[in-house]
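K.L.:
Listed here are the chains, written in short residue letters.
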Amino acid sequence: MVEINLDRAIKNFKKYRYLLFELTKKNIKLKYRRSYLGILWTLLEPILTTIVLTLVFIGIRKKNDATFPVYILTGRLLYSFFSQSTKQAMKSIRSNSGMIKKVYVPKYIYPLSNILSSYIISMISMIVLFGAMIIFKVYPTVYIFNAIIPLFLILVLSLGMGLILATLAVFFRDMEYLWDVALMMIMYTSAIFYDASSVGAQWIFYFNPIYHIIINFRNCIYGHSLDPQALFISAAYSFASLLIGILLFYKKQDKFILNI
Amino acid sequence: MEDIVSKEILKVENVGMRFNLMEKKVDNFKEYVIKFIKNELRYQEFWALKDVSFTVNKGDRLGILGLNGAGKSTLLKIIAGVLKASEGNLTVKGKIVPLLELGAGFDRQYTGVENIYLYGAVLGYPKELIKEKFNEIVEFSELGDFIHVPVKNYSSGMKARLGFSIATVMEPEILILDEVLSVGDAKFRKKSEKRILEMFDKGITVLFVSHSIEQVRRICNRAIILDKGTLVADGPVEEICKLYEEKFIGAEKASSKPKKKKKKKKKPATEENATNTEAKTDTAAEDKDKIVTKNETEEEK
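As they're listed, the protein sequences go chains A and B. Quick note on my numbering: the first sequence kicks off at 1 and runs consecutively. Quick note on my numbering: the second sequence kicks off at 1 and runs consecutively.
Among the clues, some could well be false.
Listed next, the in silico DSBU-like pairs over lysine-lysine satisfying Cα-Cα at most 35 Å (straight line) [stated by the list, open to error]:
(1) A:Lys11 / B:Lys7
(2) A:Lys252 / B:Lys25
(3) B:Lys190 / A:Lys101
Don't read these hints as lab results, they were simulated from the structure.
Build out the structure end to end from the sequences listed, making use of the hints.
P.N.:
Here it is as structure tokens:
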């Protein structure tokens, strides 16, 4: 049985929130410490991949779309946040095994701090999107404020998936490879660099929460209202994964130490 | 009545720890599925601790004695909250800080300064307290300007000094020492022992595991003996050490008494050798322990 003592959990979280802050800070700091350009890479990486993707796929696209780089960026930024944060969260328990074996710390702090640091880095790279919007004349409308909803949902989804994967990766070492394959499938079914309407098998998109989050994020950027169906599907996926993630993690966390 | 209750800082009640040993380790999904289908997922029960009960009062310095595989490390892990006992209750009042060997738990890429904050946070201290104690930690560790250098460039002695400083300057209520008092050079060892003795005066509670009975005698005022996972003796340190020497180590060692330390230059040396080899076999046994613990508990899957 899974028992979660909420009162105690909150008290414990308060006690360790400084650790959460320190670990998140550490992840961000160390990511760019040894690189010459430092935090600039968060901006350069999406710029470069967008240029490449634009050059490669603009010919294949039927529509003549001057805002194609913005289209790519909206999908690319969300997807890369999801893939990076879940990958890091998955490894977090194992890579902190030295600590976990010696000192008591609420274990969810490790995946959570990884998700948060990836999220902050992704938010910084949103600067590139704003730049691209100005260059390609996709001017923000009042709908841009809706963007907070898909951005929140992807955080919830990543956290849920991160907790599930972190738990599974403790018991099964091949989870990392399986997840790499799954991420690739998610990427190709997210309509990052093509039009979803050009795909014959539309049913495939129902399995991909990222696709639905990207749709709504694009709606916000391009000045449309949120798509209710996509909103419903993405919210359902996100909260379901968070719930499963929390339950699974709590149920199995006492066994982690025996397997790492 | 109330006075007695408030003095009790740690209470271990009927604690048992069961490990499920699997004949072959399964750590990937493919093998797990295959074994599951072939119905080969079998476990063997192994009790590392069984029905252990004792209480520790504030200011007690408890030595935990026992041969290899007696369950000492398992017990300490349960007390530290790292392992969850399969049965029984554990009540801890106050902050437990384990003193880790050679600065385990530092981030290698982080500088000493950053690691002080990180390590303090891991131990559950708020930022303000770490800030307050920061200078004291740096001073005690004697690292000087090296505090701004990444920890990966530290010598093992430097790491140990920094780890010791952080763990002790914060003044926890309960300190767990698992065979770690022999770090650093002679000068720092002296300093750290002095520091620990100072903490005794302030009423810190210590749980101490060591194979050196001399050290246990010097540091502890109470001791328990574990044998194959059960508690066999509990009492004042002198009595228990004697019993331990007689029962577990053999009669020849019982003759060496701590008070003749200075004159017997040769004998302590041989004794030290003896404890060294003991420690070595212990680590080997602990490695085995690790494999054992890794092997188990894929149950319920």
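K.L.:
Evaluate each hint against the coordinates.
P.N.:
Hints versus structure:
{"no.": "1", "hint": "A:Lys11 / B:Lys7", "verdict": "holds (24 Å)"}
{"no.": "2", "hint": "A:Lys252 / B:Lys25", "verdict": "holds (18 Å)"}
{"no.": "3", "hint": "B:Lys190 / A:Lys101", "verdict": "holds (28 Å)"}
The earlier numbered hints are all upheld by this structure, with none contradicted.
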